[in-house]
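Asks: For the sequence shown, UniProt numbering begins at 1 and goes up steadily by one.
Since the hints were made in silico from the structure, they are not lab data.
Listed next, with one range per pair, are the computed distances between beta-carbon atoms:
#1 Met35 x Tyr99: 21 to 27 Å
#2 Asp44 x Ser246: 53 to 59 Å
#3 Leu62 x Ser246: 39 to 45 Å
#4 Val211 x Thr126: 31 to 37 Å
#5 Ser217 x Leu69: 19 to 25 Å
#6 Gly237 x Ile208: 43 to 49 Å
#7 Trp18 x Gly237: 38 to 44 Å
#8 Thr190 x Ile90: 24 to 30 Å
For lysine-lysine, the following DSSO-like pairs were computed, each having C-alpha atoms within a straight-line distance of at most 30 Å:
#9 Lys247 x Lys143
#10 Lys233 x Lys143
#11 Lys108 x Lys15
#12 Lys15 x Lys143
#13 Lys247 x Lys233
By construction, the Cβ of each residue, glycine as well, lies at the ideal position given by its N, Cα and C atoms.
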Amino acid sequence: MTAPQAAKPRARVPKTVWDLIFTLVIPILILSPNMLGSGISVADLLGGGTGGNIRAYLIAALIPVAYVLVDLTVNRNVSPVALIGGAGAIVSGALAFWYVDGFWYAIKDSARSYLTGILFLLSAATSVPLFRVFLDAASIGEKPEDRAATQQAMRDPGVHRGLVLGTVVFAIVDLIGGVVNSVVNYGHVTAKFGTDAFNAQVAEVNAIMRVPGLVISLIGVGLAIYFVQAAVKRRYGAGASLLEPSKLAQKMRERGEVGA
1 MTAPQAAKPR ARVPKTVWDL IFTLVIPILI LSPNMLGSGI SVADLLGGGT GGNIRAYLIA
61 ALIPVAYVLV DLTVNRNVSP VALIGGAGAI VSGALAFWYV DGFWYAIKDS ARSYLTGILF
121 LLSAATSVPL FRVFLDAASI GEKPEDRAAT QQAMRDPGVH RGLVLGTVVF AIVDLIGGVV
181 NSVVNYGHVT AKFGTDAFNA QVAEVNAIMR VPGLVISLIG VGLAIYFVQA AVKRRYGAGA
241 SLLEPSKLAQ KMRERGEVGA
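Make the full structure from the sequences, and use the hints.
Replies: What follows is the structure, given as structure tokens:
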């Protein structure tokens, strides 16, 4: 008699998929005046007219905010990176109640990028540039000795200059991304706030800018990492990397610099 086979664990939906659903798909469906060609409009279900459109707009804007905050609460993630993301979500939620269209809507929709860029630029003038915070958070799960080596390396003057340069580059790219998003919004979102057309245009731009916005962000991160890694290699030799703490610790041990 064969032993019963253990039930296979149910495949979990990747977090990236949930992110996409709650920050893009659901908001677009809520804003659509003709949801998936069904003739259903959330704005009409919420009373129609200007009031219904405003309610639909607010719900679409606040669902991603609620998703981010619930995710932080459920996962109890209090890392600096998560807290910065949470703070950005709160700013976005607050700005949803700024009822504007035209030029000021284009600025509002990019406010998060502008504020992030400015914050990173300001941090570059301090002893803790914010890109260092991101890299430090990435090493939280490493062995204590490897994490200690990473933190020691980031205090090195040469590596610190690389972190400052990486932070500045990331900030500049984020600001450029904000400008691009504002230009696209200004060109596409031309209807008056509170109308069906306004909500439809916002949904359209959200869909248009998702991939370009992600690409711009990745370019900023990639360039920042490049400048930081270049500084680390100059200081500790080829093969040293802040993204691989164990290899960095080994390089530092070879040079007799661990704990120095």
